[in-house]
Structures are given as structure tokens and as C-alpha cells.
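Student: Place chains B and C on chain A using the hints.
Chains as they are written, first to last, in my numbering: chain A, 148 to 386; chain B, 6 to 314; chain C, 1138 to 1239.
Hints should not be assumed to be uniformly reliable.
[Stated by the list, open to error] Computed Cβ-Cβ distance ranges for the label pairs, DEER-style: (1) B/G151 with A/E377: 53 to 63 angstroms; (2) A/S163 with B/R282: 35 to 45 angstroms; (3) A/A339 with B/R307: 42 to 52 angstroms.
[Claimed, not checked] A partial selection of chain B residues facing chain A, derived with a Cβ cut-off under 7 angstroms: (4) L43; (5) T46; (6) I96; (7) L109; (8) L111; (9) M141; (10) G225.
No lab work stands behind these hints: they were computed from the structure. These figures come from a predicted structure and were not determined experimentally. Ideal Cβ positions, reconstructed from N, Cα and C, are used throughout, including at glycine.
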Amino acid sequence: MTLAEILAGVFPQGHSVTVRDGLVTGGCPFAGDKTLHVVGVDGDTPLGVDGALVLSRAVLDAVRAGDKAPILVVVDSDSQRMSRRDELLGLNECLAHLAKALLLADRSGHPTIGLIYGHSAAGAFIATALATRVLAALPGANPSVMDLPSVARVTKLPLDKLQEMAKSTPVFAPGLDNMVATGAVHVVLDPAKPLDGQIRDLIADLQPGDDRDRLGEERGGRPVARGIGEAVIAHAGRL
Amino acid sequence: MAGAPAASTDPDALSWYEATARQRVVALADPGSFQEFLPPTERRMSPHLPLFDLPRAFDDGIVVGRAALDGRTVLIAAQEGRFMGGAFGEIHGAKLVGLLRAALTLKPAAVLILFDTGGVRLQEANAGETAIAETMRAIVDVRAAGIPVIGLIGGRAGCYGGGGLIAGTCSRLAVSEGGRISVSGPEVIETNKGAEEFDSRDRALVWRTMGGKHRRLIGGADAFCADTVSAFRQAALDLIGRAPAFDLATLEAEQARLESRIERFGDCRDATDVWARLGVNDPEAVPAMDTRAFDETVSRVREADHDAR
Amino acid sequence: MESLTFRHTTKKPLPGSVPNAITGVVASGNLEILLERVLPPDACEVAIATPVAGYGAVWEAVVADFVARAQPGGLRISINDGGARPDTVSLRLLQGARLMEA
Chain A
148 MTLAEILAGV FPQGHSVTVR DGLVTGGCPF AGDKTLHVVG VDGDTPLGVD GALVLSRAVL
208 DAVRAGDKAP ILVVVDSDSQ RMSRRDELLG LNECLAHLAK ALLLADRSGH PTIGLIYGHS
268 AAGAFIATAL ATRVLAALPG ANPSVMDLPS VARVTKLPLD KLQEMAKSTP VFAPGLDNMV
328 ATGAVHVVLD PAKPLDGQIR DLIADLQPGD DRDRLGEERG GRPVARGIGE AVIAHAGRL
Chain B
6 MAGAPAASTD PDALSWYEAT ARQRVVALAD PGSFQEFLPP TERRMSPHLP LFDLPRAFDD
66 GIVVGRAALD GRTVLIAAQE GRFMGGAFGE IHGAKLVGLL RAALTLKPAA VLILFDTGGV
126 RLQEANAGET AIAETMRAIV DVRAAGIPVI GLIGGRAGCY GGGGLIAGTC SRLAVSEGGR
186 ISVSGPEVIE TNKGAEEFDS RDRALVWRTM GGKHRRLIGG ADAFCADTVS AFRQAALDLI
246 GRAPAFDLAT LEAEQARLES RIERFGDCRD ATDVWARLGV NDPEAVPAMD TRAFDETVSR
306 VREADHDAR
Chain C
1138 MESLTFRHTT KKPLPGSVPN AITGVVASGN LEILLERVLP PDACEVAIAT PVAGYGAVWE
1198 AVVADFVARA QPGGLRISIN DGGARPDTVS LRLLQGARLM EA
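Isolated chain A (complex conformation):
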């Protein structure tokens, strides 16, 4: 699905969400109720210092408004923008700031919903979609940490062997199915059904806390993380 199709599905009555330099911002009445804020990255755009601060500004504006309105984070991005300028200016601070703004919004009572409908990777993925309370995907989305040819280069393993391993080992292979198995993506939406209803249901069903390790264990993509985290907590409590 394209961003235009998604927005038409979320806001059947029309909307004023805009895209500028690949950055998505806006907000409109949603499902006849209060505002739904929208921020995000479109068009496989890399996220650099400038873009991160545009998005964080929009998120903080929503928090300051104090309306506890939900925030939809739509993502079809590249990875973080890889450049000397971005690192010189503190890309790590800007991406972390965006993630913190989304986490603050969540803590302040704004339901935060990620929706990945295209690509996303690495720092851009962490600062946007992965900083929401619940992350949904549309079929065809392609989140990844690194593509397999690059993994082959770094790990010095043959590409065909990696492709074979990827079939049985979701923990390292790129792609939506594997991110679902890891628990990073909570749910895959049905593009044949109205999107506004599916988003409304996600908001209504929001769970407290961070349940991604439990999902990863149940789905088999992250078999031990939940148990390890629990064991650390238990050990800490015994001392």
C-alpha cells in the first residue's frame, strides 16, 4: 500500500497530513472522535539529524497540547542517513531524542502506534517504529537490520549458505516475517479490511508494559530473551 492509500483508509473523511522531503506530519479528527496525530517517514527516505528534529518537534507539540490523542507513526524509510555531517552534528542524540519524544508521549497518555508499510532499517527503525507502544505492519513491508549480501560480507559466510540458514533461523534474517517472530512487530494488518477500524482496535487493545520479549518467545523468533530478562530480575531480587 502507498502512504496515500493508507491515509485514505485511516481518514475516510479526508485529512490534512502532508509529506515534505519524505517527512510526514499532520493530524486530523479520527473515527469521529478526537485527533489522530500522524508523523513518519515516506519514500524510503534516510533519517538524518534534520528530519529527526522535525518529527520530534511534532511529537512534543502533541504532548504539550495535553489532549492525550493517539499518535500514528507511519514508516517507509531507509536506514539512518549515513554521512559525515550527520555524525558531526550528533545523529545519535537526534535519533535518541525522537525516540524519547515518542516514549514520553506514551508515558503521558498518548497511545503510540507504529505502522510500517515499506522499508526501514537500523537507527531509523529504532528511532521511529520501534519506539511506539504497538507496532503494526502491512503485508509487503520490509524491515531489516542489514540485507543478506551485506551480512555475507561482514560474517564472511557464503550468500547461498546464509539464504539457506535464513529459512530456518528468524533471528538474523531480514524481512517482515522474521521481525514478527522476534516480537518487534506485534501484528500484521489486513489490507482488505478498513484500516480505520483496525487502528481503532489496536488503540482499544493497548497492553501496558513492553511485551515484545514475550511475543518473541511465543513465536519462536527470540527463544531465550524473556527468560534471561526474568532470570536477571529474579537474581537481583534475591540479593
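Tutor: Structure of chains B and C alone, referenced to chain A:
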């Protein structure tokens, strides 16, 4: 309790950069106070590395536990940069997440994260990436509960990739000359964008762009340390005492701080251009300055100290 | 990965009372050694996981030499090897035994 060789843990003599994660933790804490959670004897090793025919570590490259710092209880995590580049795998990440979640009930005086990481472990990339997101959420929860989360950065692997984002989520950061904080590493930028964009073999360029002195001058870190464990200990104690709150006011201030930085320095090509605009008299001299001279330089730079993090 | 296990009988137990210790780091050309005082006082077991296959005879000799010199009775020793040279292995084993004697 498994520990480091006792003979080499004099905090004044021990180089942070050269020390192992275990040596750092033992020497940083009050003597004899460190207690490890899931120590090596429990053999919580990666279930994934054998598929890649790679050796495992008994602690998966991270030491987590509890210690006293000047008599006060702190939780500590220390990454081992020499094992798989200190990268986040499934267990490695889950130990850090578990430690932060434990802080919510234990309410320590602080959580200290001794970063030494290249980012995500590619052999366990999806688990590592998700753990980084969980870590950032957990840090925010801990900070919001009024517990400072302090990052200490001076290891050989630096603090790259998702590690850089986690660092940016902490309440305060201390960094040494050898510490580097960045998202894309020099080799990653060069591989993707070419040597004209970033020549990763130009080590001076790497230190200027990503190193501890640049981060300290622009306010990307809150303390600059000599490369000893005792210097990091002193910095940690100092930073715990002045950690900013996690709230809208802090993030609004950070928004303004970062916007102002990009407005003022967005057209600079090199770190020395940034330092000149910050008012540093002799920017070319910064890389060679010793800690005392550098501290004096920092004290005259208004942007270096703030509560906007 | 290749797994090797060597079992020895020692003339005496390793002195000291430290229950366990770890030394070294798994890195290229290095290794980590975990020592645990969990066996009968005249027994020593050394288990090795190494990514470099085909050096069983070298490991056997290095371990036998260490056992003869240190008499590490009571120790179970577990090694994660990153491709260390035999002299590095010997050094780390003796280092580990010293930590246990403290």
C-alpha cells in the same frame, strides 16, 4: 563469585581502554562490593552463534550486577568490546533489559552502563535490534522513576549503532579521549557512501568527528575523563548527583538545544570549524590537549553543559 | 566448532578455597577459561570448545603439561577458545589456577 585478577585492579593505574569489562566493573565499584547476576558459572550462552560456527562466551559479552559506589547501591552493566565487538545479541541485550527492569523495584542510586559496542550483532540482528528498542524504553521508565542512568564510554569498540542511540537516552554520559559515540561507524559510511564522504583510514578524522573531545565540546557528553578507572568512577559519582529529570520540560530543552546546534553548525565541514564557532581559541590544538587543558577549554564553552538530555 | 574433553587424576587438590574464577576474553587469538571447584579433590576435567578443528593432540599435550605442573585437583575447567596459540593457553591456565589458589 567469578571476578577479575585482583592484582590488576588498582583504579588509579588501570587503563579503562585496555581493561576488560570485568576489570572495569570490579575496579569501578567499592572494593569487594560487586555481585554479578547470571555469572559465567550459569553458562547462559548464545543459542545462535554455533549455527555460524563461532565461539561463544559464558556471559555473552556483558557483565551485569549490583555494587556499591561510595556506599550507595548501584546496578551496573559492562559490555566486553573484545567479544564480537561488544555487539548486542539476544542474551546480551536481554541481560541489559532485565537489569534496567530490576532497577524499577530495587530503586538503586543509579544504573551505570559501561558501553563498549559496535551495535547490533549481525548473527542475531533481529534480536539485537529489538533488545536495543526494549533497552531504550526501559531506560526511559527508570529515568521517569527518578533513577539516573549514567553511561560511561571509553572502550576499544566505542559506542556505535544502536549503542549510540541508547547512550543518547541516558541521563548523563562520561567519555574519555578514546571513547567514540556515533550511529554509523566510519567503515559503514565509507562502504555505503565512498571514501570521499568519509575516509575510515583517516584516524584523526574519526577522532575529531566521533571522539570524546568533540562530543564533550558540543554537549553530546557531560564529562570528560582521563583514561583511568578512577577518573570514570569520579565522573560517575559527580554525574549521579546532577541528572536531569525525564519530562516534557527536559525534552523541550533538548529539542531547542539540538535545533540550535544544527542552525549554528549545520554548514560546518569539519569538527575544527565547529570548535572555532564555539569560541575555542586554537581549534587545531584540541586533539593534542591533555585532560587539564581540555577541561579549561570546555569550561569556556557555554554549549558543553546543560540539563537538556 | 569442535568439542574436546580431557580427564586427569591428580596427586593432590589445588590449594585455596575460591569456588570459581574466570580469566581471559573470547577474541581472536585469545580465550576465556572458567574454573570451578566442583570435582573430587584428585580429579580434574578440562572441556574445550574451539572453532579451530584438528588440533586435539596439541590441546591434549598443553592440558597434560598444565595438570602435571599445577596439580589442579578438584577443578572443572571450561574453555571457550577464540583461536589462541598453545603458549597463550598455557599462560591463561596457570593464571586461572593462581586465581583459584587465592
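Student: Tell me the numbers of any earlier hints that the structure contravenes, in ascending order.
Tutor: Per hint list: 1, 3, 5, 7 violated.
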